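Protein chains in written order, with my numbering: chain U, 4 to 321; chain D, 22 to 317; chain S, 3 to 318.
Quick caveat, the hints were computed from the structure, so don't treat them as lab data.
These numbers come from a predicted model, not from an experiment.
A hint or two may mislead.
Stated by the list, open to error - In silico SDA-like cross-links for lysine to any residue, where the CA-CA straight-line distance does not exceed 25 Å:
| no. | chain 1 | residue 1 | chain 2 | residue 2 |
| --- | --- | --- | --- | --- |
| 1 | U | 148 | D | 222 |
| 2 | U | 148 | S | 308 |
| 3 | U | 261 | S | 279 |
| 4 | U | 261 | S | 273 |
| 5 | U | 148 | D | 223 |
| 6 | U | 106 | D | 85 |
| 7 | U | 148 | S | 279 |
| 8 | U | 106 | D | 217 |
| 9 | U | 261 | S | 311 |
| 10 | U | 106 | D | 201 |
| 11 | U | 106 | D | 309 |
| 12 | U | 148 | D | 138 |
| 13 | U | 106 | D | 148 |
| 14 | U | 261 | S | 272 |
| 15 | U | 106 | D | 138 |
| 16 | U | 261 | S | 191 |
| 17 | U | 106 | D | 222 |
| 18 | U | 148 | S | 311 |
| 19 | U | 106 | S | 272 |
| 20 | U | 261 | S | 260 |
| 21 | U | 106 | D | 174 |
| 22 | U | 148 | S | 16 |
| 23 | U | 106 | D | 215 |
| 24 | U | 261 | S | 220 |
| 25 | U | 261 | S | 288 |
| 26 | U | 106 | S | 273 |
| 27 | U | 261 | S | 235 |
| 28 | U | 261 | S | 16 |
| 29 | U | 148 | S | 295 |
| 30 | U | 106 | D | 43 |
| 31 | U | 148 | D | 156 |
| 32 | U | 106 | D | 42 |
| 33 | U | 261 | S | 111 |
| 34 | S | 89 | S | 198 |
| 35 | U | 106 | U | 64 |
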Amino acid sequence: MLTLERASKTYRIGAFGGGRLVAVREADFSVAQGEVVSLIGESGSGKTTIGRMILRLISVNGGRITLDGEDIAALRGPALRAYYRVVQGVFQDPFSSFNPIFKVDHVFSLLRGLLGGGQADDGWRRRVDEALASVGLEGGQVLHKYPHQLSGGQLQRVLIARALLLDTRFLVADEIISMLDASTRIDVLNLLGDLKARGLGILFITHDLSLANYISERAIILRRGRVVESGPTTAVFGNPLHPYTQQLLGAVPRLHEKWGTGPRSGKADACCYHDTVTASPAAGQPAMVEAEPGHLVGCANLYGVCPGDTDAEVRATA
Amino acid sequence: MTALAGQIPKAGESVGRAREVRYFVLRSRKILISTAIIAAFLVLAALGPTIRPGDPNAFVGPLGAAPSAEYWFGTTTFGQDVFAQFLYGLGSTFAVGLAGGGIAALIGVTVGFVAGYRGGITDEILNMVTNIVLVIPTIALLVVVTAFFKARGIVIEAAFIGLTSWPWAARAIRAQTFSLNAREFVDLARISGVPAWRVIFGEIAPNMSSYLFMTFILLFGGSILIAASLDFIGLGPTSGVSLGLMMYNSVAWSALQLGLWWWFVPPGVAITAIVGSLYVMNVGLDEIFNPRLRES
Amino acid sequence: MGLEVTDLRVYYRTLAGDVKALDGVTLGVAEGEIMGLAGESGCGKSTFGNSLIRIDGRMRHVGGSVVLDGIELPIADGDAMREYRYKLVSIIPQYAMSALNPTRRIGRMIDELLESRGVRHEEYEAELRRRLALVGLQEDVLRRYPIELSGGMKQRVVMVISTLLDPSLLIADEITSALDVSSQKAVAQTLVQFRDEGFVRAMIVVTHDVSILYQIADTLAIMYAGRLAEKAPTEELMERPLHPYTRLLISSLPEMGVRFADARLAGIPGAPPSLLNPPTGCRFRTRCPLADAECETQPPFVEVAPEHAVACWKVA
């Protein structure tokens, strides 16, 4: 449904754009209907940039992003509005996502313009109430309040309801859980699971591997703008092939297993791309290698032959 | 510019803020006194033509007479009624302030919003333009303009002031816009298909309304001051009357040496009082909108 | 020696009344022990940490005592605490790493910081370098500006500074929250290292992330709405959580390996009570599946197994 075809984003920095910063380098993956794909990366990995590119908040410099085969960069005016009826997003900070001087219903009224021709008020109100009901909220309880009068969890749910209001088929969920309390996180996450069952395609952007493992069918590991591993969640997490993935999994604090004692004790980061991020991949070298069916790894040397950093160096730059 | 720092309501503030603002405004001595002063002068200016109808520059009285019951502010060396000049001068001073300040505000706000919202190359170009206008030597430019326009009125003066005093406002607004642009509700508006101008005026500007208000007050006051200064050195309008022109004339006709203090003291005091009050009002407003300044 | 806190109550003054952020907390931390203090936002854990060092002027100490190494700390008096602050009890405040002055090189900032605490920085020069090396930071970090360091590096710099004077008690307030998972591990392990090397005698790690605490803490204390719910050695708490809140909390955490398709986790319905006017009795009872009339009286925090204390009537 939504596909990134070697999409890249390069920023010009410095006075009059003399320097270059590559935020995303040839990201290549797709999300189908009815599946949750996790985009996992640490800060600076480019995951938020990809989310924003999909939402047309920033432009794509290289490659393209397509929805049902159509390049989204070309969309303008009515075509762009049609896109937003189908593709929506929810962001990380619920309190920043609401304009503090307006009531909560403002975020819904902003959407009315997307519907083109006018729509009767009660028809609209009914639609909003239904969307809120589907996330477990009651319109009469929340719409007339100001954002600061509701909790983070409630606000995130309102934002999800907003994202579902029209004919949404694809949702970009950018770290939507990280600012919520532990007891509300799981409810919002379960909500995503229900949406998936209704046929939505969801890109779940996160840095938290446990959440990704819980909710997603497929996982994509991003490092410094590059996809280093992707595939079914069970495969990527159960049999991580890329040294970076292994390092990440080794660092996750688990609840019944101490660090360094489990089957996968943190292996040193031996990523060959570590020092050559600014250089483009050698010509003729495939971007990703299919190690198992559907399980792709972006590493020239699959089994740790690549010279890499020692453990101590990793600590110094962490 | 520290007076204008930090006006943006944080996520979590309500519009009960409006009530809070009203409460503090009514209790701020700075604001109440300065507003009273400005209001008094405004009333005088408005009532001017009623109290003293006719041409303020007409020769009506004894030459160089001190203030008396008939001529409250005395007369000039040419027998003109200083009080009448004062009243009409107030009117044109406010008019220049409004027009000049208004033009500067319009340009500054537009440039600031566009540069802050768009960023990138648009921002770079607008920055360049802002900087160029900022460093143009306005006096030199004004000399050229005066040579060009032999007969000048308030309109030209206001236009000149408006076109040269907007850069700092543009800078300030650009900075605030940048900061607000980073908030996620702007992104949310964009992915709701809201066009750019509506995002700027519907989402961003209302969040900096206090900032915009204070910017305008400063531009207004600044405009008055610049106009008075220009008038005083003879680069002002060639006809009409203003407070600055009164002072220019008084110096040109040796009022200081002749002891005709009533000719230049009233306009000087008026300009100082008006501009000073506007700035004090600004400080008072800043204390309200920026609660951290209130903590003592 | 260690820390003994008895019935500590700390309220915040607000226009609307007193927010009872901390309402009767009693616990002890032995020497050499790392205690984890966990709970959701608003439970009072940060207030607890900050009240032990008294740097927040809005706090009002209402009752209870704090004894560290046999000395009763004057936590009601901000000025009196100055003598002990950073020397006997030290804190790594939340957001510390974002509070580094961007216009100062790290070395200069540390010197100024030490001077402000009444310590001549030359005396600690060598020790500082030794400790920086110990946590894996190279010496040239002192010559860099904060912006040149990564989050994990900045956090480790802050940790070294906070423990330079070898405090008896260190409070670490949400020091891993803003970091990436690999940095989190490095920082958490550094905490343990400080304890092992003897820089710090006892430690309280305040965070909402229970899984990090499982990795490094010897004991775990769970707080809810200003009071202690449960406290036990870490393994014991994870094996046999007794308080309903603890059990619901742990079961709502998506542990690695659990998948939505296989086992749908449940959250805790409802929300924590407002601390402006907290309900009488057990504060969890509005959300607790086991609550009944008995819970309208506050259950005492009692030991029900060796070193394992709970505040719940339903746990015999």
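>> Check the structure against each numbered hint from earlier and tell me which ones fail, lowest number first.
In response: 2, 3, 4, 6, 12, 13, 14, 18, 21, 25, 28, 29, 31, 33, 35
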